[in-house]
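Student: Residue-level listing of the chains:
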Amino acid sequence: MNRLMALIKREFWENKGAFRTTPLVIGGIYLAAMVMFLITFNHFDNEFQSLKELLRFIAQQDVVLRDKILYMANLEISVLFSTALAFVVFFYLLGSLYDDRKDRSILFWKSLPASDTLTIASKLLSAMIVAPLIFWVIYVISHIVIMLLFSIVVMVLGENPWTLFLSLGSPFEAWGLVLVSYFTQSIWALPLYGWLMLVSAFAPRIPLLFAILPPVILGVLELWLDFLKTFTVNDNLFGLFGHWFANSPLILSADEHDGDFGASLGIAIFSDYDHQITVANMFDRIFSTDMLIGLAIAAVFLGGALWLRHRATES
Amino acid sequence: MNNVIEAKGLTKRYSRTIAVDNIDLQIPEGRIVGLIGPNGAGKTTALKAILGLATYEGELSVLGKSPARDRAALMEDVCFIADVAVLPRWIRVWQVIELTEKIHPKFSRDKCLHYLSSTKVTLEHRVKQLSKGMVAQLHLAIVMAIDVKLLVLDEPTLGLDILFRKKFYTNLLNDYFDEQRTILITTHQVEEIEHILSDLIFIQDGRIALNDSMDNVQQRYKELMVSPDMAAAARELRPMNERELFGRHIFLFEDANREQLSELGEVRTPSVADLFVAIMNGDES
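From first to last, the protein sequence lines stand for chains U and Z.
Just so you know, the first sequence maps onto residues 1 to 315 in the numbering used here.
Just so you know, the second sequence maps onto residues 1 to 285 in the numbering used here.
Calculated from the structure, these hints are not laboratory results.
Think of the CB as a built atom: it goes at the ideal place given N, C-alpha and C, for glycine as much as any other residue.
Mixed in with the good hints there might be a few duds.
Computed beta-carbon distance windows for the label pairs [what the hints assert, rightly or not]:
1) Z/LEU123 with U/LEU31: 32 to 38 Å
2) Z/LEU123 with U/ARG104: 54 to 60 Å
3) U/TRP307 with Z/LEU245: 50 to 56 Å
4) U/THR289 with Z/TYR14: 56 to 62 Å
5) U/ARG20 with Z/ASP175: 38 to 44 Å
6) U/LEU295 with Z/SER118: 25 to 31 Å
The list that follows gives simulated cross-link-like pairs (lysine-lysine, DSS-like), each with its CA atoms no further than 27 Å apart [unchecked claim]:
7) Z/LYS120 with Z/LYS65
8) Z/LYS102 with Z/LYS132
9) Z/LYS102 with Z/LYS8
10) U/LYS9 with Z/LYS166
11) Z/LYS102 with Z/LYS65
12) Z/LYS149 with Z/LYS65
13) Z/LYS149 with Z/LYS128
14) Z/LYS132 with Z/LYS167
15) U/LYS9 with Z/LYS106
16) U/LYS229 with U/LYS102
17) Z/LYS120 with Z/LYS106
18) Z/LYS166 with U/LYS16
19) Z/LYS65 with Z/LYS8
20) U/LYS16 with Z/LYS65
21) Z/LYS120 with Z/LYS132
22) Z/LYS149 with Z/LYS111
23) Z/LYS167 with Z/LYS149
24) Z/LYS128 with Z/LYS65
25) Z/LYS120 with Z/LYS102
26) Z/LYS106 with Z/LYS167
27) Z/LYS132 with Z/LYS65
28) Z/LYS128 with Z/LYS102
29) Z/LYS8 with U/LYS9
30) Z/LYS111 with U/LYS102
31) Z/LYS8 with U/LYS16
32) Z/LYS102 with Z/LYS166
33) Z/LYS102 with U/LYS102
34) U/LYS9 with U/LYS102
35) U/LYS102 with Z/LYS128
36) Z/LYS111 with U/LYS9
Over 10 Å on every C-beta distance to chain U, these chain Z residues come out as not near it, computed from the model [unchecked claim]:
37) GLU76
38) GLU98
39) THR100
40) ASP147
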């Protein structure tokens, strides 16, 4: 256990920039945007002459509507964090078993009494737990700082921040949902994570190419063969990936429920992919037959990664 | 006396070549063994098998464990420096110390800091900021702070200057080596380690060409230096090897009579490097 913790710490040290600086920068962007908004608001040519008037106008609106908009805004703030997290984890895993082979420091790591299984576990857990947790904590802190700052501004302008927005929009619920979505996503994405680690352990160079090219070639071939046979395009590898992505529990829009978002764009959304953002809906995804198949695939990929890692110093 | 390494029929095949060819080997504890061989002779391959870094055929037991299966457990009692530059470049000195302390049960932070205190390496340094020599000092400080039974050094001083190389081996001998420990070294700079070795193994084309203690080697092999007029007489005694230096002929003999040789010229103990050249060339002809 101590060894595993030490190895996870090593992953954090090596990837501080991706794991910690990235969400901090996003939090900073939100804060900067807010400060810029507050400073420049009076310069906009719009129907509200001042921020004070805008706040008064908002305070007069229906409380149920305000509650709903705020709730969505609370979730929406997480989207930038979640998107960045997905990219960070993707590239982290792609390099996880490649970088130390490339710079030969693998020989140092292998001189320590830590098994390959433990090493792979530490990397997978960093992607599944450590990175999401750090992103989530910084998301929540950024959110709190934004709320505090805005409260001060609101108070200075003579409105009550509690009735205006602090008591509305259930921020705790948004935080909880985002946290659950991160961890369910970690499980949902295991086949992808397994694939990335397999490629990372295998690629002689440019792991990104090895991760993307084979499935794309396979998908195109499948598409083509299918078309030759039936003159139609059926479900194939791309469809499978689309299905996987559409069902991902990661919250990428606050509007992912009731088909609102799709409807507003005139796109009919299959009810299969229409998941209202609730904990139960997220759990549905990971307690499903699809997930079982996904776990089996992930196990094969991770087993392959372990096998390759064991032989990484062979020549 | 316990054998630290026992190999029987150790073989390593790559797709077309045989890197290690049916080697039998016993290395007892408390020895400093030099594994010497030309490039591509199979030294590194043999070491990799011993360290659990490569698969192999045949029987191999290191400290009673199978390296291929139990690398992690074996690494509690075995340490190795594969090449000076293999410490991860991003890591800070305090981080690598903390990691090793948490992962290695036999690591002593105090010892490591003590060894580092005589260098210019500081805890806040990143490995990539250190010179090649400083990285080697750091690596050696870490390794010497680990209380293991077998230390394997594969070209540990490659690319380092002579001052550092001397200090490296002095530290190793004075501060680290004792009767319970075994050190296995490969290097091309044979002359630098021959005075610290207790045993010598020559390896050529994946086979062992010589495996003996330094004491025996020094008794078995004699070098004779004669003037040209005595050269013919010396050749009569069937030397292993002959070379010329400044008009003098130098012969290498195995199991020759010292008194008989000294009648012809000056008899000396050959250097490991000269012996190496003689044996390697001899096997080729």
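Student: Give a verdict on every hint.
Tutor: So, going through the hints one by one against the coordinates:
With their beta carbons about 34 Å apart, Z/LEU123 and U/LEU31 fall inside the hinted range of 32 to 38 Å. Taking 54 to 60 Å as the suggested C-beta distance range, the pair Z/LEU123 and U/ARG104 does not conform, at roughly 24 Å. For the hinted restraint 50 to 56 Å between U/TRP307 and Z/LEU245, the CB-CB distance of approximately 55 Å keeps it satisfied. Checking the proposed 56 to 62 Å range against U/THR289 and Z/TYR14 shows it is violated: the Cβ atoms sit about 45 Å from each other.
A hinted range of 38 to 44 Å for the beta carbons of U/ARG20 and Z/ASP175 is consistent with their spacing of about 39 Å. Separated by about 53 Å at the C-beta atoms, U/LEU295 and Z/SER118 break the suggested range of 25 to 31 Å. Restraint check: the Cα-Cα separation between Z/LYS120 and Z/LYS65 comes to about 38 Å, which exceeds 27 Å; the hinted pair is violated. Proximity of Z/LYS102 to Z/LYS132 is assessed by CA-CA distance (about 26 Å); at most 27 Å being required, the pair is judged to hold.
Straight-line distance between C-alpha atoms of Z/LYS102 and Z/LYS8 comes to about 35 Å, which puts the hinted pair past the 27 Å bound. About 36 Å separates the Cα atoms of U/LYS9 and Z/LYS166, which puts this hinted pair outside 27 Å; it is violated. A C-alpha spacing of about 23 Å is found between Z/LYS102 and Z/LYS65, which places the hinted pair at or below 27 Å, so the restraint holds. A C-alpha spacing of about 13 Å is found between Z/LYS149 and Z/LYS65, which places the hinted pair at or below 27 Å, so the restraint holds.
Proximity of Z/LYS149 to Z/LYS128 is assessed by CA-CA distance (about 30 Å); at most 27 Å being required, the pair is judged violated. With a C-alpha separation of about 15 Å, the suggested pairing of Z/LYS132 with Z/LYS167 holds against the 27 Å cut-off. For the proposed pair U/LYS9 and Z/LYS106, the alpha carbon gap of about 20 Å is at most 27 Å, so the pair holds. Straight-line distance between C-alpha atoms of U/LYS229 and U/LYS102 comes to about 44 Å, which puts the hinted pair past the 27 Å bound.
Of the supplied pair hints, the one linking Z/LYS120 and Z/LYS106 holds, its CA atoms being roughly 25 Å apart against a limit of 27 Å. Taken as a hint, the Z/LYS166 and U/LYS16 pair is broken in the structure, with Cα atoms around 39 Å apart against an allowance of 27 Å. Note on Z/LYS65 and Z/LYS8: the hinted pairing holds, with a Cα-Cα distance of about 14 Å set against a maximum of 27 Å. Distance hint between U/LYS16 and Z/LYS65 is unfulfilled; the C-alpha atoms sit about 38 Å from each other, more than 27 Å.
Distance check on the hinted pair: Z/LYS120 and Z/LYS132 sit about 12 Å apart at the alpha-carbon level, within 27 Å; holds. For a cut-off of 27 Å, the pair hint linking Z/LYS149 to Z/LYS111 stands: about 17 Å separates their Cα positions. For the proposed pair Z/LYS167 and Z/LYS149, the alpha carbon gap of about 22 Å is at most 27 Å, so the pair holds. At most 27 Å may separate the alpha-carbon atoms for a hinted pair to count; Z/LYS128 and Z/LYS65 exceed this at roughly 35 Å.
Among the hinted pairs, Z/LYS120 with Z/LYS102 is consistent with the structure: their alpha-carbon atoms are about 25 Å apart, no more than 27 Å. With a C-alpha separation of about 24 Å, the suggested pairing of Z/LYS106 with Z/LYS167 holds against the 27 Å cut-off. The suggested pairing of Z/LYS132 with Z/LYS65 is violated, with an alpha-carbon distance near 34 Å, which exceeds 27 Å. For a cut-off of 27 Å, the pair hint linking Z/LYS128 to Z/LYS102 stands: about 23 Å separates their Cα positions.
Restraint check for Z/LYS8 and U/LYS9: not satisfied, since their Cα atoms lie roughly 41 Å apart, outside the 27 Å limit. The straight-line distance between the Cα atoms of Z/LYS111 and U/LYS102 is roughly 31 Å, outside the 27 Å bound, and the hint therefore fails. A hinted pair counts as satisfied when its Cα atoms are at most 27 Å apart, and Z/LYS8 with U/LYS16 does not qualify at roughly 47 Å. Simply put, Z/LYS102 and Z/LYS166 have alpha-carbon atoms about 31 Å apart, too far for the 27 Å limit, and the pair is violated.
Annotation: proposed proximity of Z/LYS102 to U/LYS102 holds, straight-line Cα distance about 25 Å (limit 27 Å). With a CA separation close to 21 Å, the supplied pair U/LYS9 and U/LYS102 stays within the 27 Å bound. Between U/LYS102 and Z/LYS128 the CA atoms are separated by roughly 15 Å; this keeps the pair inside 27 Å, and the hint holds. For the hint pairing Z/LYS111 with U/LYS9, the CA-to-CA distance comes to about 23 Å; that is within 27 Å, so the pair holds.
Chain U draws Z/GLU76 into its interface by the beta-carbon criterion, the shortest separation being 4 Å against a cut-off of 10 Å. The Cβ of Z/GLU98 does not lie farther than 10 Å from every Cβ of chain U; its closest approach is about 8 Å, which violates its non-interface assignment. At the 10 Å boundary, the C-beta of Z/THR100 falls inside the reach of chain U, the nearest C-beta of that chain being 7 Å off. Chain U leaves Z/ASP147 outside its interface by the beta-carbon criterion, the shortest separation being 13 Å against a cut-off of 10 Å.
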